[in-house]
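Those protein sequences? They're chains A and B, same order as listed.
Just so you know, our numbering puts 695 at position 652 of the first sequence, and the rest follows in order with no gaps.
Just so you know, our numbering puts 267 at position 265 of the second sequence, and the rest follows in order with no gaps.
None of these hints come from the bench; they were simulated from the model.
Computed from a predicted model, the values in this text were never measured in an experiment.
Each hint should be verified, as a subset may be incorrect.
Said to hold, decoys possible - Residues of chain A placed beyond 12 Å of chain B at every Cβ, according to the derived structure: (1) Val199; (2) Phe256; (3) Glu354.
As the list claims (entries may be wrong) - With a cut-off of at most 30 Å between alpha-carbon atoms, the simulated DSSO-like pairs for lysine-lysine come out as follows: (4) B:Lys58 with A:Lys203; (5) A:Lys321 with A:Lys246; (6) A:Lys784 with B:Lys133; (7) A:Lys388 with A:Lys321; (8) B:Lys236 with B:Lys58; (9) A:Lys786 with B:Lys236; (10) B:Lys58 with A:Lys216; (11) A:Lys313 with A:Lys212; (12) B:Lys169 with A:Lys784; (13) A:Lys781 with B:Lys236; (14) A:Lys189 with B:Lys76; (15) A:Lys203 with B:Lys20; (16) A:Lys381 with A:Lys327; (17) B:Lys58 with A:Lys189; (18) A:Lys317 with A:Lys340; (19) B:Lys158 with A:Lys784; (20) A:Lys212 with B:Lys169; (21) B:Lys51 with B:Lys133; (22) A:Lys315 with A:Lys381; (23) A:Lys321 with A:Lys189; (24) A:Lys212 with B:Lys76; (25) B:Lys158 with A:Lys786; (26) B:Lys58 with A:Lys805; (27) A:Lys371 with A:Lys381.
Each residue gets a CB set at the ideal place from its N, CA and C atoms; glycine is no exception.
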Amino acid sequence: MAKVSKKKVSRKSVRRSTTVTEKLAEVKPDVVYDDGDDEFLSKEDGNISSEEEEEDGGGKDERKRQKLLEAISALGGKRQKKLGERSEAAVLMSEFTVNAEGEGDKIDISDLIGSMEKTSAVPAKTKKQLKNLQHTNKTIECPLSKQESERIQRDVAFRKASTEVTRWKDIIKQNQRAEQLVFPLDKEPAGPRPMERMVTGWKAQTPLEQEIFALLSANKQPINDPILTPAEEASMRAMSLEEAKIRRAELQKARALQSYYEAKTRRERKIKSKKYHKVQNKAKRKEFLKKFEEMVKTDPAAALEELSKIELARMQERMSLKHQNSGKWAKSKVIMAKYDEGARKAMQQQLEVNKELTQKLVTVLNKEEEEEEEEEAVDEEVLPDFVNDAEQGLHSSNPWMRGKLSEGPAEKELSENMDLITEGPGAVENPAEEDEEEETEEETLLREFDSRRKRRQAHEAVTAPVPDQEEEEEPQVPGQGEEEEPQVPDQEEEELSEFTSLFRGIADSSREAEMPEGAADSCHTNPSAQLEEGLVRVRTLEEMELLSQQEPAPAEPAPATEQLPSVTPQAGTTRKRKRGIELKEVLTKETKVIKVPLAPTMEDTEDSEDKLDQRGLIKEAFAGDDVVSDFLKDKRKQEEAAKPQVVDLTLPGWGEWGGTNLKPSRNKRRRFRIKTAPPPPRRDQCLPSIIMSEKRNGSISLHQVNSLPFPFQNHAQFESTIRAPLGRTWNTEQTVRKINKPKVVTQLGAIIEPMSREELMKDKKQVSTGSTSHVDSWKRKR
Amino acid sequence: MKVKLLSRNPDDYVRETKLDIQRVPRNYDPSLHPFEVSREYTRALNATKLERVFAKPFLASLDGHRDGVNCLAKHTTNLSTLLSGSCDGEVKVWNLTKRECVRTLQAHEGFVRGMVVRHCGTSFFTVGDDKTIKQWKIEAPAYGEEEEPLNTILGKTVFTGLDHHRKEGVFATCGQQVDVWDEQRSSPIRSFTWGVDSFSAVRFNPVETELLASCASDRSIVLYDMREPAPLKKVIMTMRSNTVCWNPMEAYYFTCSNEDYNLYTYDMRHLDKPITVHMDHVSAVLDLDYSPTGKEFVSASFDKTIRIFPKDGGHSRLV
């Protein structure tokens, strides 16, 4: 039974081929061969009873054998439990008995690419992309959490919705500002409607009518009476009257401008004056150069083009014999030149023009080349001007001479800019300028120092004569008025500082006083006592130091003169009086003139210039005016004004004799003078540094506006609007109607629909016609 | 003897029709009217006083409901028709000019929670405590016909409010979530949730008709777009809002009535703070509605007052 066993083996291999999917490509040809062999054998062998039987038997055998094998394998060593896998038959075996190749395998990009390279239809680009994909081993980021993604969705949706809604902004604003709104908004226009809209169902009935209509429609004539022909309508639609007018006006204007321009140019062309044209040409050239410079900065490409053009022009100029003194005119001039100065000059000029025209143009663009040339060219260096100036600068006593140093380079820079364009005889200067640029930094520093020094010396120059004078004059006339005047500010300063310190003291004391007691009337009772306390406490050594710091000048120098004693007793008295000081007296007392020698103050201030702090500055700035006393005077004035006046109602001649020189009797005057009750105490009574106006009336302020309402520009405008009467008695009927127009007009019995989207379209048309007078609208709202 | 006569042209003093105002010749020169300010002030004061005296805000009461009225609905195309739903599930249709009840129908079992008339004005929708949405004809059934709803939708949860789209056959209900329904379908085409809350009111924007606003019980107002799958934005306030209403003339403004006695007007683009706070109520504000002109709105409160506020005014108008 060798054959049978062989057959079995072959069948087994067949089964294996169905189950084992891998390496199928290799196995299959064998199987096919086996099968073929098998069949061949079965046909050949007639002894075998029946295939089917045998097959069945073979199947059983097979199973048994498998079991046996399994049992054996289970016995031996490792127990390998096969995981029971369940697979779908349909997937494994396709219905066309074609095995799904590579089933269960993942598809790699490499598989795809393999086939792709074979097919020529695939564009190279996709191939490349796929290859790139293959190489990239980026993992896709894990998707956002549901909440996150929802939030993003919401955000996007909200933004979309809000932009959509924002379209209404214009309409809403317009409606809010409108003088009058008439609801419902989309009211049909009043007046007669066109016939054809009303009678739509009408038809031509009689044959005559039909004929006529047929004719009309054939000729595109209007069927109903008032309408226009299609052609007319089209023309109407094409352009409205206003538009046409505007356009016509524009065209007219353009035409007029053109004709003006033409006339002008014609006139200019006819001018024969050579000089005029020369000047004109020169101006043109200059302008062109200017433009060109700008162009170099902004549009280098265009500039290059221009440059080439210029170069071409230069070439032409060089090639031509123009301006070469070879023309007829030039020759005649040559003859004349011997005798005539003018002719010589003209020739010279001509040559210059030639030179100018044939000059090479130098710009930033070809500077590099130029520089190379320059290096060769530089032999003689023109020294910058400031080098020469430095010697003059040595005259330090003269500030004007030093001034030049600073001015020199600036000029130089200017000239540098000018020279940049043409490289002429001045071309040699360029390297020198570069050197200069390096030096400029040092120069600027130098200049700064210099200017500072100058300023200081100028100060000295101004102040210096003063002490001289003083010293000269002081012994002669100690108490002269002229001399005192320049010193007054200083003394005032001193006093001012005193006042400020006093004020501070008062403020402190009042704060201290109010905090423990907390009663307002305390300051009514004895303000002076508290003030005393405060003064004593605050004016300590520190305060004095402060003072002395502020006024170092008068204290320190004090050359022995008569003035010094007069200062010290003054100070002494103030200090003594501190006990019984009357606040207002001190603050408003007349400024006493104290003479202090002024001589060395300036020097001191110069040294301490850097230390000059804010206080000092302010003191200096307000040295002239006595702010505090002014303030107190002002306050007193206001108090006076607020006091109720006595009303005098006496009429001369009533109940008495009247006449020119007769006064009403005292009795009568007493009777008719009306004294009003004293007003409640002022709120700022015990606040010396504050003025509180009592004019504000709380009951009225309820009805007053805090800020200027919208359309008004200034308060005068607003007040005039408010003041104008509204009623019929004072205004004409039309004005009344206009002023009192209701803000909202609704039609009785009409349904007001919410705003529809069509309004948006309408609004776009009406945007231009949105001029309204807001003042009126505001008034109506009121 | 010569007699001098004073002759006048009657055109100068006789009016053309009796509807014309009597012609009174006047000299308007301001220098001739030194006391115009004080006179005008007096007049204005008198006018205001008289206006107060003769103000009659109360027109009529419509009697007939046997239980408290829970909701009202305006007819969209007929000014004289008003609908009211009561707590016993009864809906009455009123004629305002005649001040009489035109029709009564038992719409729901339990409260009628919400009611809205379709934009065409031929039918109206009601929602009730019995978890149903019903569509009814406005016209009364003919003699012998039975009172039956055109359409009934059974919901899973109780609906607390409803509103209809202004142009399309779409309506929105609120309850445990906000649902947008197509009239032709028995299930919502959209349903929005944002956390687990119950909603007390939902309103379509009458201008930008795809937008909705709703009040949730977690003290928030939520905005939706019908076209989007998710809600747009949410504002959380210190206290719960009862109802919300859009301004019918200004697309992006809406006002909500709050439990903290105030009403708040918001710009839907900038929800971080309200544009105006309307104060005057002394108890929770229950409901509000805008006037069709969008210039004022009326609010009803638990303090038994109805107040009319200008849309941009902080305090109510005196009537």
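Evaluated hints:
no.	hint	verdict
1	Val199	violated (9 Å)
2	Phe256	holds (38 Å)
3	Glu354	holds (62 Å)
4	B:Lys58 with A:Lys203	violated (47 Å)
5	A:Lys321 with A:Lys246	violated (84 Å)
6	A:Lys784 with B:Lys133	violated (51 Å)
7	A:Lys388 with A:Lys321	holds (16 Å)
8	B:Lys236 with B:Lys58	violated (41 Å)
9	A:Lys786 with B:Lys236	violated (35 Å)
10	B:Lys58 with A:Lys216	violated (34 Å)
11	A:Lys313 with A:Lys212	violated (61 Å)
12	B:Lys169 with A:Lys784	violated (34 Å)
13	A:Lys781 with B:Lys236	violated (46 Å)
14	A:Lys189 with B:Lys76	violated (42 Å)
15	A:Lys203 with B:Lys20	violated (59 Å)
16	A:Lys381 with A:Lys327	violated (35 Å)
17	B:Lys58 with A:Lys189	violated (58 Å)
18	A:Lys317 with A:Lys340	violated (35 Å)
19	B:Lys158 with A:Lys784	violated (55 Å)
20	A:Lys212 with B:Lys169	holds (22 Å)
21	B:Lys51 with B:Lys133	violated (51 Å)
22	A:Lys315 with A:Lys381	holds (29 Å)
23	A:Lys321 with A:Lys189	violated (82 Å)
24	A:Lys212 with B:Lys76	holds (28 Å)
25	B:Lys158 with A:Lys786	violated (49 Å)
26	B:Lys58 with A:Lys805	violated (39 Å)
27	A:Lys371 with A:Lys381	holds (17 Å)
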